[in-house]
Amino acid sequence: MSSTPETTPSLDFIRQIIVEDNKTGKHGGKVVTRFPPEPNGYLHIGHAKSICLNFGIARQFEGVCHLRFDDTNPTREDVEYVDSIQEDVHWLGFDWADKKFYASDYFEKLYQFAVELIRVGKAYVCDQTADEFKANRGTPTVPGKDSPYRNRSVDENLDLFGRMRKGEFADGSRTLRAKIDMASPNIHMRDPAIYRIRKAEHHRTGNQWCIYPMYDFAHCLSDSIEGITHSICTLEFEVHRPLYDWILDALKTPCHPQQIEFARLNLGYTVMSKRKLLQMVTEGNVSDWNDPRMPTIAGMRRRGYPPEAIRAFCEKVGVAKRENIIDMALLEYCVREELNKSAHRAMAVLHPIKVVLTNYPENQAEEFDAINNPEDPSAGTRKIPFSREIYIDQDDFKEVPPKKYFRLVPGGEVRLRYAYIIKCEKVVKNDQGEVVELHCTIDPGSKAGGPTSGRKIKGTIHWVSAPQAISAEVRLYDRMFTVEQPDADAEGRDFKTFLNPQSLVTLANCKLEPSLANAAPGTRFQFERLGYFNVDPVDSKPGKPVFNRTVTLRDAWAKIEQATHQS
RNA sequence: UGUCCGAUGGUGUAACGGUAGCACACAGCCCUUUGGAGGCUAUUGUCCUGGUUCGAAUCCAGGUCGGACAGCCA
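Take the first sequence: its position 169, counted from the start at 1, is 159 in the numbering used here, and no numbers get skipped.
In short, the hints are calculated from the structure, not lab data.
Nothing here was measured: the structure is a model prediction, and the numbers come from that model.
Where hints are given, some of them may not hold.
What the hints assert, rightly or not - In silico DSSO-like cross-links for lysine-lysine, where the CA-CA straight-line distance does not exceed 30 Å: (1) LYS112 x LYS242; (2) LYS90 x LYS16; (3) LYS242 x LYS169; (4) LYS156 x LYS124; (5) LYS266 x LYS242; (6) LYS306 x LYS344; (7) LYS189 x LYS156; (8) LYS20 x LYS306; (9) LYS394 x LYS446.
Generate the whole structure from the sequences, applying the supplied hints.
Dropping the structure here:
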């Protein structure tokens, strides 16, 4: 097949490997990838990169991508996570068809592989305690010492391993170890444990097993069993690759997948470790895994990020082996770009101030046509009611305007979007001197099609008719988390994390145009000039929507920040 | 005095011995009864030192810096 250079984007290094493999027929021209999460937490934006990569490559090369739960540690895993992972992968727009697997499906096969490894003299049962194990492992610069149990006979190992399975030994009393080289410069090759005793209930196999395979043993063999061609994982597994290959070679498996590592995604000022995210949840810093401030897929979905935007983001960040910290602005750009195309516009007032149009008859009512989406004419129009009393945003009126302020000022004029030009005649204040109401007059001829509709007015603001307005709660979310640089604590490598105290501001009395009353949960809108919002799928009730600020419009940051901090 | 991996503007990513390009961010300008969208312009980069070559981001050597690895986690 020939491809035109103009339409062929440059391939990342993984795709280049696959193109090369296809050329040489290394895997028979097939491409089988897998996304292998451990079900011990919710998926986050970092996983999204892996998902887009693995499913994307499969799609691009007309292969398949498996979903495999790497559930080999029963003490940390839960069906809640199994369910959420599937939901999130689907929501992102990928499908594994009937290729859903569990490492736990292979427990019997893996056991037989382990027996085989013992038979060929490449594994042994070790009676060392965890502490002894550790003490004899050495360090990166000091070689380890052989276990005294290293040269047990095959028969004895077989017997002991069988009894491990039967549950005759206590947790931690023995392990099965691969017999490699305690002096290897690569610590993972120093007779790594491949089975441990863990008398714990597994979320799928129950109490059927009391020994569980370690990652290094289970992963390569699961890949091999499934006929994976390219086992794509993150950089920290690079030093595991010799072990991955050793196990498959030792067992002479017919399928030997190729492990390829890439740099995981890091977002600036964002915590991405499952451990810390779990901590956020359990300590109540956030409402749950799907809190809109969380960098989880579920959190972003609830916040209003479209799956298309996340996919575009993963595409844009690229794939390489270099450590990276992506600017959050790129993610937000991708969200805006998608939402600009797809989100309907709506009028909303977050900090309402009442405006009485003194020359507009009390009992008069009108409707104006508003465009739903200028990007998409097929989205049509809707009717917006208009009356003598309306709300505008406090921010759209300034008693003492800064320079270049084109919105409403005392004695000044401004256009109400889709409606009339109004003039501010009087400012009503309370005892504290706060502006509580404005009295304005309309130019009756200035509505669309009117004789003075063409008048040049600098500012145009949005508004909501007071009698028909619906009141709603609007939540403004700031950047999700902040991360401190590592301090010199005991570990020397941990991060201190904390929630930005400004990360959530709730505005309880926002006035929205009536069409929003029945907006379906999850629907995304652009509140003109204020940014993109979505109807919270969790807390919204019929006729009583709650909106989350998904992301602000690009130029609106400073303004919104200011407004947020004032309130 | 360990093994492995990496190093291109502020951020991320291309260029596979032949003009250092793209995107985001930033700055400025234009347009708009605002679609806070769009358009235009500009600044900023090959870790260092040598070598090979007509020519090096690319190949070689040595250094520097950064990351991963010492769970019976994945």
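We went through each hint and held it up to the structure:
1. For the hint linking LYS112 to LYS242, the alpha-carbon distance of about 12 Å falls within 30 Å, and the restraint holds.
2. About 25 Å separates the Cα atoms of LYS90 and LYS16, which keeps this hinted pair within 30 Å; it holds.
3. Taking the CA atoms of LYS242 and LYS169, the gap is near 16 Å; set against the 30 Å cutoff, the hint holds.
4. Only pairs whose Cα atoms come within 30 Å are accepted, and LYS156 paired with LYS124 is accepted, the gap being roughly 26 Å.
5. Pair hint LYS266 plus LYS242 does not hold up; C-alpha atoms about 40 Å apart against a cutoff of 30 Å.
6. Between LYS306 and LYS344, the direct Cα distance comes to roughly 45 Å. Violation of the 30 Å bound is thereby established for this hinted pair.
7. At most 30 Å may separate the alpha-carbon atoms for a hinted pair to count; LYS189 and LYS156 meet this at roughly 11 Å.
8. Simply put, LYS20 and LYS306 have alpha-carbon atoms about 26 Å apart, close enough for the 30 Å limit, and the pair holds.
9. In summary, the hint linking LYS394 to LYS446 is supported, as the alpha carbons are separated by about 16 Å, within the 30 Å threshold.
Consistency with the previously given hints fails for numbers 5 and 6, ordered from lowest to highest.
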